[in-house]
Amino acid sequence: NAGVTQTPKFQVLKTGQSMTLQCAQDMNHEYMSWYRQDPGMGLRLIHYSVGAGITDQGEVPNGYNVSRSTTEDFPLRLLSAAPSQTSVYFCASSYTGISSYNSPLHFGNGTRLTVT
Amino acid sequence: GENVEQHPSTLSVQEGDSAVIKCTYSDSASNYFPWYKQELGKRPQLIIDIRSNVGEKKDQRIAVTLNKTAKHFSLHITETQPEDSAVYFCAAWGTALIFGKGTTLSVSS
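Line by line, the protein sequences give chains A and B. Under this note's numbering, the first sequence has 54 at position 54, and the numbering climbs by one with no breaks. Count along the second sequence starting at 1, add 1000, and that's the number in this note's numbering.
Derived from the structure by calculation, the hints contain no laboratory data. This structure is a prediction, so every number in the text was calculated from the model and none was measured. Built from N, CA and C at the ideal position, the CB exists for glycine as well. Wrong hints could be hidden among the right ones.
[Claimed, not checked] Derived coverage of chain B by chain A (criterion: at least 3 residues anywhere in the stretch with Cβ under 8 Å from a Cβ of chain A; other residues may be distant): (1) 1015-1027; (2) 1060-1066.
[Said to hold, decoys possible] Here are the simulated lysine-lysine pairs, DSS-like style, with alpha carbons at most 27 Å apart: (3) A:K9 / B:K1101; (4) A:K14 / B:K1042; (5) B:K1037 / A:K9.
Let's have the full structure, built from the sequences with the hints guiding it.
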């Protein structure tokens, strides 16, 4: 089991560029989510999904898109990168689903994104 | 939506002392409350969790208490050690898992 795999580990973008952060899990988890972590701000939820074909907005969704076409993958797209999106991004998954008991989140190792 | 407040933001203790971190939440429908520890440059790791039908849970030196009526929950670490130094996050799960802003715990020997 690889757990939750995020790629890339590091990325530098110029303002206005677009890119996709990849997240995959091999634990058959229904629930997947994306967080951004900034100093002093904790982990803020961007988007989440309770199963394939279902996504929902979190606390800070503006500037980001997600899709969930398979159970395993949950990519995060930055449409037009801005310096304010410089952050560390974590993908996390859980057995929790539409009809499942809430269970612990398993985190990936993170992607450090810098937008210049 | 859910809002989680966490205090204090920093906490310094001597080795062997106890440390307490407190959190409050706003959504009365939240039913799962995990605590995560994050070391510098690493991902958050679950250290203990509690569900809404339980008032207290203990795992060796770590304990968590939950007061559903008051909507607050706390992390207690006894006999702290230097390796307990890290950032600790509380979280509450209503429709999604929402985190507090974190507490930086420093344990000096």
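Now the hints, each set against the structure:
1. Against chain A, the stretch 1015-1027 of chain B contributes 0 residues with a C-beta closer than 8 Å to a partner C-beta. That does not satisfy the three-residue criterion, and the hint is violated.
2. Evaluation of the coverage hint for the stretch 1060-1066 of chain B: breached, as 0 residues show C-beta separations to chain A shorter than 8 Å, against a requirement of three.
3. Pair hint A:K9 plus B:K1101 holds up; C-alpha atoms about 23 Å apart against a cutoff of 27 Å.
4. Restraint check: the Cα-Cα separation between A:K14 and B:K1042 comes to about 26 Å, which is no more than 27 Å; the hinted pair holds.
5. The straight-line distance between the Cα atoms of B:K1037 and A:K9 is roughly 21 Å, inside the 27 Å bound, and the hint therefore holds.
The structure shown violates the earlier hints numbered 1, 2.
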